[in-house]
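Asker: Since the structure of chain A is already known, use the hints to place chain B on it.
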Amino acid sequence: MDKLIGRIQKYSWKDISKDELVYSGHLACAGCGAALAMRIALKALGKDIVIIVPASCWSVIDGIYPFHALKVNFIHTAFETAPSVATGLKRGLIMKGEKKKTVVSWAGDGATFDIGLQALSSAAERNEDIIYICYDNEGYMNTGSQSSSSTPYGATTGTTPATFSRENRKKDIIGIMAAHQIPYIATSSVAFPEDMTRKIIRAKQIKGFRFLHILSPCPVGWGFDSELTVEIARLAVETRLFPLIEIYKGIELCITYEPSGESIRKYLRLQKRFSHLKDKDIRMIQKTVNRNWENLIRNVSIWKKKTEDP
Amino acid sequence: MKKLLNGNLAVSIAVALSKVDVIAAYPITPQTSIIEKLASMCERGEITASFIRTESEHSSMACCFGAALSGARVFTTTSSQGIVLMHEMLHWVSGSRLPVVMVNVSRALGPPWSLWVDHTDSLSQRDTGWIQIYCSNNQEVLDTTIQAFRIAEEINIPVMVNMDGFLLSHTFEPVDVPSAKKVDIYLKRRRKKFEIQKQKSISFGGVTYSDDYYIFRKNLQIDFEKTRDIIEKCEEEFQKIFGRKYGMIEKYSMDDADIVVVTMGSLSGTVKDVIDRVRARDVKAGLLRIRVFNPMPANELRENLGNKKIAVIDRNLSPGKGGIVCQELKSILFDSGTSCRIFGFIGGLGGKDISPSQIEDIILYTYKKERPEKDILWIS
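Heads up: the protein sequence lines correspond to chains A and B, in order.
Residue 260 in the numbering used here sits at position 212 of the first sequence; the count goes up by one each step and never skips.
Residue 369 in the numbering used here sits at position 345 of the second sequence; the count goes up by one each step and never skips.
So here's chain A without its partners, still in its complex pose (with noise of 0.2 Å):
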């Protein structure tokens, strides 16, 4: 495994910066994932930029006018647009001489998976300056929890109720990111704020389309008591379901935290959303979590491998 992971800069949670950049004051539900997500994301990303918020919890945990929640600027759109609006602010401050600003995209994983997809493909295409950074609740959450393509298989949901509960698995956005061959991919977690502090400072130090994708629990939507958000948040990392990696130009991939493999039930468990599963589903997922894991690591050992041949 130490050989997976490679010589990575570790960062410690000294490296992570004092400054407060979310108030106390936003309307967020006790817990969120989303909130602690920003708060860690604004310490790496700093002052100096300008975030995209497409429709989502955000559009709310904002505030409501004339409050504003954050110490950045911060401009709401439509929910399909936050990669094309971040395109245009960046490329109109380009050519008004304000080329250093980060412009980053803030949007939540039904604009990201769903409705924005086609918009987020087009941006990374043409390898765009920007930070796009996908805030994963796995539904709709902020309509009071839908199925999205990024709702886990077997959960149930407002339009995926427990009689036929998800029959989809969650859509490989990591793999459609890494088709693109963008310059810098990365997934993070609430309970890895060392970890996330790292890939956001490596992101602003790269040029073209940066993707980040943060897996951050929702109490409300999946059915769990508001202090277990970094628990959870911790325990997807650890029973390997979703593992914190990082993608350099598509195919540099690196593993950057190693899991401890915990079964899977114990996360499963914890959520109401699951809570329907029978011993038989939860072996299935644990089959396909185990299965993931090892494409995983035979795409980094091939990647390794190339990389030391002559």
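In case anyone wonders, no lab produced these hints; they're calculated from the structure.
Be aware that one or more of the hints could be misleading.
Covered by chain A, according to a simulated footprint, are these stretches of chain B (three or more residues, beta-carbon under 8 Å) [what the hints assert, rightly or not]:
(1) 40-51
(2) 85-91
(3) 107-121
Sample of chain B residues facing chain A (criterion: CB under 7 Å; computed from the structure) [what the hints assert, rightly or not]:
(4) I71
(5) S74
(6) E79
(7) I220
(8) S225
(9) F228
(10) G229
(11) G230
(12) V231
(13) T232
(14) S234
(15) P343
Quick reminder that beta carbons are idealized off the backbone N, C-alpha and C, glycines included.
Answerer: Just chain B now, kept in the frame of chain A:
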């Protein structure tokens, strides 16, 4: 300098002269040659604009929204299905009070597929809060595109310039191309209320409670009412520099006319010829071309159409309602206290030719009949 230009070339040259910063566009017939020309101008360095090849018209308008927020001068162009796909973002741009300029090359909507002129595409965007101007020849297309940037940036309301697909976009006419120096005098740098690059922390377009939302929308209407004066002011200055003026409406042989043909776009040229022909037979006909559709020039229309027989020729169809211009005229003239009678003709859908003899029939029908026999009179 006079040049032989089709409508699409006239637009490209006007956009280049207007020194836009960002162009975002997606190809669609019959608009394509505009963006091809602009892309090649960018590539050759003839203009310093950032050209964004988007994957859809919806994203084009989203790019324009983002770019306009930076203080840049932005442009896009489309047709037909493209403008309909943009619909959501048209609202977003006008609601955000951003001075985006768009040229729409009018083309019918599917199904069935049609590539030819029809105004239903842009007229179905009536309620999106855009200023809409309809041109009748290529000189007007070039001039109006330049004026559009000035008007939009004066009042922070987006402007849509419409020209008839193929009839103008692909037809060559002699056009006087103004010098870059003159255009620079007319179009100053865009002024902005705020600059996002200098702000530390603002939120733009977030959630509002009903009371605040109501004020934002009311302010948009109040400012929209000012656009008539702004358009006139911008036109007067245009006349001073370039010697040409178009007005909110165009009138032809209106002084003693009993019958007035009302229409929009390139059809007006043919109507003028027919009017000369019928006047030789003592039928007192005139033409009123609506150039600015939104805001409707209500005062001019009431002044000029009172007590007359009006033959509206609509090159559009709102299924269930009929002709859109006819509906608009009826609502404006409803309480004008005059005894005008409106004959609503619909023709030319999907580019179907409206011949001079058909226009003559329209005028003679309106001349003979006291009232229209039907709500919709189809030109067949």
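Asker: Indicate, hint by hint, whether the structure satisfies it.
Answerer: Hints versus structure:
1. 40-51: holds (count 3)
2. 85-91: holds (count 6)
3. 107-121: holds (count 3)
4. I71: This hint is violated: I71/B lies away from chain A, its Cβ roughly 11 Å from the closest one there, beyond 7 Å.
5. S74: Hint holds; S74/B Cβ to chain A Cβ min 4 Å, cut 7 Å.
6. E79: For E79/B, the interface hint holds, since the closest Cβ of chain A sits about 4 Å away, which is under 7 Å.
7. I220: holds (6 Å)
8. S225: holds (5 Å)
9. F228: holds (5 Å)
10. G229: Cβ of G229/B sits 4 Å from chain A, so the hint holds.
11. G230: holds (5 Å)
12. V231: Holds, because the Cβ-Cβ distance from V231/B to chain A comes to roughly 5 Å (cut-off 7 Å).
13. T232: holds (4 Å)
14. S234: violated (11 Å)
15. P343: violated (27 Å)
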